[in-house]
Every structure is written in structure tokens, then in C-alpha cells.
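Residue numbers (this note's numbering), protein chains in the order written: chain B, 20 to 140; chain C, 20 to 140.
Because the hints were derived from the structure by calculation, they are not lab data.
A few of these clues could be false.
For chains that are exact copies, the list does not tell them apart, and a pair is met inside one copy or across any two.
Stated by the list, open to error - List of simulated lysine-lysine pairs, BS3-like, C-alpha gap at most 30 Å: (1) K70 to K122; (2) K122 to K61; (3) K70 to K139; (4) K70 to K133; (5) K122 to K136; (6) K70 to K136; (7) K136 to K61; (8) K61 to K133; (9) K139 to K61; (10) K133 to K122; (11) K122 to K139.
Number of protein chains: 2
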Amino acid sequence: MERIAEGEYTVMEVLWDAAPLTAADVAARVPEDRGWTLATVKTMLSRLLAKGVLSHEEDGRRYLYRPAIRREDYVAEESGRLIDRMFGGRVPALVAQLAARDKLTPADIVEIEKLLKELKS
Amino acid sequence: MERIAEGEYTVMEVLWDAAPLTAADVAARVPEDRGWTLATVKTMLSRLLAKGVLSHEEDGRRYLYRPAIRREDYVAEESGRLIDRMFGGRVPALVAQLAARDKLTPADIVEIEKLLKELKS
DNA sequence: GAGGCAGAATTACACGTGTAATCGACAGGG
DNA sequence: CCCTGTCGATTACACGTGTAATTCTGCCTC
């Protein structure tokens, strides 16, 4: 699967959230703080099409864009990559790191424990 | 903290593992599969210096390089960034994703549970 | 002392990315 | 029927990055 840049990912998020959309719709849904013009969004859409991670169908003179890959798949790949690079592929090392940094609230801990318990059954 | 590119990260890993080192030493320790020449490694070292994530001290006519940031700090920042972007900052969502993808071995599960239990005490 | 070797510094260059502007085609309103 | 706004397509441009080669400078050897 082609790598998706950070800005491009923003656009993918929009389309994973609602699809299909026109370029203008996408632009309208991109978070304000990116401050992108419609032109910029269109560039992103073209590049994502070229990468094969979006598909488009014609709707009159416009395109309707929709994701061609699943969010979970992409997220899985990216997080796997990070875990491999930074934690030698060891998930417990990641969790230990988060714990050491106080990134786990008591609620998180309970929730994760519950998840794990279910896994074992 | 300045962002570190993927290739540059490879060099940081070497220096986190052993420091201080000369440029030649670093080059010798970079994983084979990158296939980098000494020149390339030197470029990386300069850029990392410029970013302020390495420091160097003179040793005669050479430099000895050493990390100026801690590995844990960088790793924490990067994993935080990923969790924010892909999981809305929710660690349990990440763990759920790993579970759904069978990225957790039974040994991992046990280990994580142990970690969490200790956290609560 | 001259020539070469070893370092760092400087320069190179293509590709990806962020961030658009411009162009060419066309549809709809007056 | 022409103007204007709206599409996608094409082009632009600077900066980061991967991947070096070239240059400059001084030390070591013969």
C-alpha cells in the first residue's frame, strides 16, 4: 500500500468519515486549522488518486471521491511500522513506554485490561 | 523538539546505542541494508547537528558525535503523535486495533497485564 | 617538503510534499 | 448566444530528504 503523507491523511480522514464526496465537500470538511484553499484540497485528491488510495466516479462534470483502502488497514500498517521501528516490534515495550510517561489514565488501564481479558477467552 | 526523518533516525539509533562515535564509526554501525556510503552518513550527521538533536566535541581533527536528546523522549513524542492522529489520543483504541489484528501474542498479553497491574499499586 | 589520505564543509540533484495559481472546458443564467 | 462561475488538469515553487560527489584543509609518510 502506498505511503500517505500527513496532509494527505487529513483528506483521507474526511473521506473515511463520509463518502462519496465532491472536492468542494471535502474542502468544506477539512479541519479549519489546516487553512487550506480549495485548490490545495484538489491537489491532495489528485495525488491520492494517483497513489491508488482513492477512487472516483463521475457525477456529471464532477467527481465523487471515495476511499479505496480501509482506514483500519492503513492505521494497522502505520502503527505496525512505528512499533517495529521504535519498539523492536514489541507491543509490551510500547505499553511500558506509555505507562512510564503517564499516558495511561486509570480509566485507560481498566479498559485495556478488559480488552485483554476478553482476548483470552 | 525538531522532527527527525526516517533515515536520520537510523543514525540516531546508532548513537543512542553507543556514543560518542566518530563519523566513520557511525557509518560502520549503520545497518548494512541501508547501503549508505560514508558521505551519506556525514550528511545525516550534519543535518542532525543542525537540528540540534546531536552534539559534537572535537577530538583532534575529528568530531565525536553524541545524542543531544534522549531516545525515550523522542520515542514518546513520536508515539504520542501517532496515537493522537490515528486513535484520537485514546490508547485503548490502539490496543484494540492491535488485538483485532492479532498483533498480540499470548505472551504479550500476559506481559501487558502484569505491567498494568503494577501500575495500579 | 610534496603528495596523498582523512576529516569536515559545501554543493548537487531528484523526488515527495505543502501550498497554491492558472488553464481549458463546459453548463447555466440572463 | 455570451458571460461567468465551477470543474478537473496542468503547472509552479520552495523546502525536506535520500543519496551522494566535490572541495578545502591539514596531518602523516616518504
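Consistency of the hints with the structure:
1. Taking the closest pair of Cα atoms, K70 and K122 come within 30 Å of each other only across two copies (27 Å); inside a single copy the shortest separation is 35 Å, beyond that limit.
2. In this assembly of identical chains, the alpha carbons of K122 and K61 never lie at most 30 Å apart, being 37 Å within a copy and 36 Å across copies at closest.
3. When the C-alpha separation of K70 and K139 is checked against a cutoff of 30 Å, the pair qualifies neither within a copy, at 39 Å, nor between copies, at 46 Å.
4. Proximity of K70 and K133 under a CA criterion of 30 Å is satisfied in neither setting, with 38 Å inside one chain copy and 42 Å between copies.
5. Taking the shortest alpha-carbon separations for K122 and K136, both the intra-copy value of 21 Å and the inter-copy value of 15 Å come in at or below 30 Å.
6. Taking the shortest Cα distances, K70 and K136 never come within 30 Å of each other, neither inside one copy (39 Å) nor across copies (44 Å).
7. Taking the shortest alpha-carbon separations for K136 and K61, neither the intra-copy value of 46 Å nor the inter-copy value of 49 Å comes in at or below 30 Å.
8. Taking the shortest alpha-carbon separations for K61 and K133, neither the intra-copy value of 43 Å nor the inter-copy value of 49 Å comes in at or below 30 Å.
9. Within a single copy, K139 and K61 get their C-alpha atoms no closer than 46 Å, and across copies no closer than 49 Å, so neither meets the 30 Å cut-off.
10. With identical chains, the CA atoms of K133 and K122 are at most 30 Å apart both within one copy (18 Å) and between copies (17 Å).
11. When the C-alpha separation of K122 and K139 is checked against a cutoff of 30 Å, the pair qualifies both within a copy, at 25 Å, and between copies, at 14 Å.
Consistency with the previously given hints fails for numbers 2, 3, 4, 6, 7, 8, 9, ordered from lowest to highest.
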